[in-house]
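Peer 1: Spelled out from the first residue to the last, the chains are:
Protein chains: 2
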Amino acid sequence: MTSSVLSARPANGGPGGNTLNTEGAMLETAPTRYVEGGGVRFAYRALGPAKGTPLVLLQHFSGNIDAWDPAVVNRLAADRPVIAFDNAGVGRSGGQTPDSIEAMAGDAVSFIKLLGFSEVDLLGFSLGGCVAQEIAAKHGRLVRKLILVGTAPKGGEEHLLAVLQDAFSQAAAPDIRLPLFFTKSAASQSAGQAFLKRVRARTEDRDIESTKAVTDPQAKALITWCATPDPDHGFLRAITQPALVVSGSHDTMLPADNAYAMFKGLSNAQLILYPDSGHGALFQHHELFVTHVRTFLDA
Amino acid sequence: MTSSVLSARPANGGPGGNTLNTEGAMLETAPTRYVEGGGVRFAYRALGPAKGTPLVLLQHFSGNIDAWDPAVVNRLAADRPVIAFDNAGVGRSGGQTPDSIEAMAGDAVSFIKLLGFSEVDLLGFSLGGCVAQEIAAKHGRLVRKLILVGTAPKGGEEHLLAVLQDAFSQAAAPDIRLPLFFTKSAASQSAGQAFLKRVRARTEDRDIESTKAVTDPQAKALITWCATPDPDHGFLRAITQPALVVSGSHDTMLPADNAYAMFKGLSNAQLILYPDSGHGALFQHHELFVTHVRTFLDA
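Protein chains in written order, with this note's numbering: chain A, 17 to 315; chain B, 17 to 315.
Treat the hints with caution; some may be incorrect.
Said to hold, decoys possible - Only pairs whose alpha carbons sit at most 30 Å apart, straight line, appear in this in silico DSSO-like list of lysine-lysine:
1. A:Lys-236 <-> A:Lys-129
2. B:Lys-213 <-> B:Lys-228
3. B:Lys-280 <-> B:Lys-154
4. A:Lys-129 <-> A:Lys-67
5. A:Lys-154 <-> A:Lys-200
6. A:Lys-228 <-> A:Lys-200
7. B:Lys-280 <-> A:Lys-280
8. B:Lys-154 <-> A:Lys-200
9. B:Lys-200 <-> B:Lys-213
10. A:Lys-280 <-> B:Lys-67
11. B:Lys-154 <-> B:Lys-67
12. B:Lys-200 <-> A:Lys-154
13. B:Lys-280 <-> A:Lys-200
14. B:Lys-129 <-> B:Lys-154
15. A:Lys-154 <-> A:Lys-67
Said to hold, decoys possible - Counterexamples of contact, computed for chain A against chain B with all Cβ distances above 12 Å:
16. Gly-40
17. Met-42
18. Val-56
19. Gly-122
20. Ala-189
21. Pro-247
22. Lys-280
23. Thr-307
24. Arg-310
As the list claims (entries may be wrong) - Some but not every residue of chain A turned toward chain B, in silico, with C-beta under 8 Å:
25. Tyr-50
26. Tyr-276
27. Ala-285
28. Pro-291
29. Thr-311
Hints are computed from structural coordinates only; laboratory data are not their basis. Remember, predicted model here, so these are calculated numbers, not experimental data. Glycine is no exception: its CB is placed at the ideal position from the N, C-alpha and C atoms.
Just need the whole structure built from these sequences, with the hints factored in.
Peer 2: Quick look at the structure:
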């Protein structure tokens with residue numbers, strides 16, 4: 017179960033040398049490291065103890081390493097290795113952003129293998145959840161358990177372009193993530209402000225924001241994924257690992273019906289839905305989410 | 017939050033006197049106690065420490081105190097008062113079993129007040145989940161939080177008679193709860209056998225099994241509840257307490273669609289669904305369920 021350790025990282029694992037002690041490191045202050053292979057230099061941050069099955073985070077549409085919530089990532093890293101990274105073409109990673117989930121999954125698998133891991137847990141959020149499903153289905157032995165948050169199955173329901181257009185029209189919002197990730201309730205918007213404060217805490221060596229060279233192919237990949245039918249959930253049924261499916265009650269881009277459909281299509285899934293929350297339910301309910309993830313991973 | 021304590025129980029609280037120390041007591045060995053009022057003598061068992069909001073358990077169709085799973089009840093009582101009881105007409109309680117959820121809720125409220133509690137948490141399973149909804153909606157101040165397991169909203173989907181008929185036709189089953197509460201998978205049936213062993217562990221002072229005088233009015237109450245439409249979830253919206261809704265993936269009597277509908281109709285609900293499990297999902301996944309309940313109640 018814990019065959020992979022951070023100390024197995026190869027010598028080109030980054031400025032820290034070939035054995036990293038990342039215990040106690042925090043997302044906001046940990047150095048960004050690099051690993052290169054197959055023509056792509058991947059940027060990542062490693063947190064947590066060296067021992068245990070590493071939890072690899074797969075990021076949402078347009079997001080980079082600094083778009084993860086330190087309240088989620090640091091607490092998860094309290095008792096397991098956690099790896100946040102930029103997939104090919106994103107943030108400080110080299111290469112090009114591909115326009116298909118399949119190619120993104122191939123890049124993520126390359127990265128995981130470059131770190132020397134033979135078995136990992138995956139936490140995929142939104143676009144990253146599609147990539148996690150693809151890896152679990154096609155590279156089954158690499159994945160022990162997977163957590164799918166705010167995401168959609170193949171053939172799922174998405175309202176990406178309409179919701180993005182509406183959000184960008186709200187010029188008053190100080191950050192597009194307030195209307196995109198949180199509901200209109202006072203409690204959710206307040207949680208959104210707290211989230212923004214946390215993700216902005218890092219001041220040195222911040223990751224690079226996504227441009228159209230990232231978001232255009234990512235949007236195409238996600239929309240194509242949702243436009244590809246999966247008759248009788250054949251694709252989901254190819255995923256045999258234990259899965260935890262999580263969604264907010266009022267996700268406007270990838271509605272909670274997707275989560276319920278994934279729960280029903282997967283052979284071994286738990287479903288957890290949170291109240292009064294949108295696409296960023298995992299950040300709004302971060303304490304609860306971390307507790308649920310740890311319960312799931314430790315079971 | 018913790019205004020009610022077991023020591024507030026009145027002097028007629030049972031053979032143990034007016035202040036019970038139930039810390040460390042177990043469902044299998046705790047004495048059955050009695051409290052009387054309004055013409056009904058209620059049988060109950062009290063577990064757990066005196067301090068904290070009491071968790072009152074509302075039992076399923078045909079079930080008595082000994083139909084609760086000690087693995088669930090004892091672990092929940094590790095850090096809060098837990099009360100299992102027979103509602104009017106059931107088991108060792110006096111009175112008549114009414115044929116409506118409304119009347120059952122009235123009886124349960126009488127019992128809770130007889131114990132001197134001004135605020136409780138409710139865990140309602142199946143029929144007990146309907147009673148819990150009724151209490152939360154109509155006696156709001158009495159309920160802090162509620163947990164609704166394997167149950168249905170007003171107007172929900174039920175297949176009670178058809179599934180019971182099918183289960184009773186399987187003469188080979190050593191206990192009707194194996195086909196009713198567990199799926200056909202080897203894992204679920206094995207969990208069912210373990211459950212039966214746990215609920216049969218008590219040998220002295222066992223509760224009395226239900227006869228038609230209990231099950232006929234209970235069946236009418238449950239079927240009537242599900243046959244009563246709740247346009248636009250008006251009834252669910254009257255419930256404002258935090259709720260945790262739980263169901264098994266393959267509940268044949270009260271399908272998981274009910275849980276998803278309750279999650280959507282309630283204003284402040286979490287939803288948790290378990291894989292490969294039937295009506296008795298809380299007993300099959302008892303460790304996970306207890307952890308989730310404690311996380312919910314302690315938040």
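Peer 1: All hints, please: hold or fail.
Peer 2: Each hint tested on the structure:
A C-alpha spacing of about 26 Å is found between Lys-236 of chain A and Lys-129 of chain A, which places the hinted pair at or below 30 Å, so the restraint holds. Distance restraint check for Lys-213 of chain B and Lys-228 of chain B: the Cα-Cα separation of roughly 25 Å lies within the 30 Å cut-off, and the hinted pair is therefore satisfied. Using a Cα cut-off of 30 Å, the hinted pair Lys-280 of chain B and Lys-154 of chain B holds, with the two alpha carbons roughly 20 Å apart. Only pairs whose Cα atoms come within 30 Å are accepted, and Lys-129 of chain A paired with Lys-67 of chain A is accepted, the gap being roughly 17 Å.
Taking the CA atoms of Lys-154 of chain A and Lys-200 of chain A, the gap is about 38 Å. The hint is violated against a cut of 30 Å. Of the pairs offered as hints, the one joining Lys-228 of chain A and Lys-200 of chain A holds, with about 28 Å between alpha carbons and a cut-off of 30 Å not exceeded. Using a Cα cut-off of 30 Å, the hinted pair Lys-280 of chain B and Lys-280 of chain A holds, with the two alpha carbons roughly 17 Å apart. A distance of roughly 29 Å separates the Cα atoms of Lys-154 of chain B and Lys-200 of chain A; the hinted pair therefore holds under the 30 Å criterion.
Restraint check for Lys-200 of chain B and Lys-213 of chain B: the C-alpha separation of about 18 Å stays at or below 30 Å, so the hint holds. Proximity of Lys-280 of chain A to Lys-67 of chain B is assessed by CA-CA distance (about 40 Å); at most 30 Å being required, the pair is judged violated. For a cut-off of 30 Å, the pair hint linking Lys-154 of chain B to Lys-67 of chain B stands: about 26 Å separates their Cα positions. At roughly 29 Å between alpha-carbon atoms, Lys-200 of chain B and Lys-154 of chain A fall within 30 Å of each other, so this suggested pair holds.
A distance of roughly 17 Å separates the Cα atoms of Lys-280 of chain B and Lys-200 of chain A; the hinted pair therefore holds under the 30 Å criterion. Restraint check for Lys-129 of chain B and Lys-154 of chain B: the C-alpha separation of about 15 Å stays at or below 30 Å, so the hint holds. A distance of roughly 26 Å separates the Cα atoms of Lys-154 of chain A and Lys-67 of chain A; the hinted pair therefore holds under the 30 Å criterion. Once the 12 Å rule is applied to beta carbons, Gly-40 of chain A is consistent with being away from chain B; the minimum gap is 26 Å.
With a cut of 12 Å on Cβ distances, Met-42 of chain A stays outside the contact zone with chain B, its closest approach being about 24 Å. With 12 Å as the threshold on Cβ separation, the claim that Val-56 of chain A sits away from chain B holds: the shortest Cβ distance comes to roughly 36 Å. Non-interface status of Gly-122 of chain A relative to chain B is upheld: no Cβ of that chain comes within 12 Å, the nearest being about 29 Å off. No Cβ of chain B approaches the Cβ of Ala-189 of chain A within 12 Å, the least distance being about 25 Å, so the stated non-interface status holds.
Look at Pro-247 of chain A: its CB is around 21 Å from the nearest CB on chain B, clear of 12 Å, so calling it non-interface holds up. Separation of Lys-280 of chain A from chain B is inadequate, the least Cβ-Cβ distance of about 7 Å not exceeding the 12 Å criterion. The Cβ of Thr-307 of chain A sits about 5 Å from the closest Cβ of chain B, inside the 12 Å cut-off, so the non-interface label is violated. A beta-carbon of chain B comes within 12 Å of the beta-carbon of Arg-310 of chain A; the shortest separation is about 10 Å.
Nearest Cβ of chain B to the Cβ of Tyr-50 of chain A: about 38 Å, over the 8 Å cut. The hint is violated. Of the supplied interface hints, the one on Tyr-276 of chain A holds, with its beta-carbon coming within about 6 Å of a beta-carbon of chain B, less than 8 Å. At its closest, the beta carbon of Ala-285 of chain A sits 6 Å from a beta carbon of chain B; the interface hint therefore holds under the 8 Å criterion. Against a cut-off of 8 Å between C-beta atoms, the interface hint on Pro-291 of chain A holds, since the closest Cβ of chain B lies about 5 Å away.
For Thr-311 of chain A, the shortest C-beta to C-beta distance to chain B is roughly 5 Å, which falls under 8 Å, so the interface hint holds.
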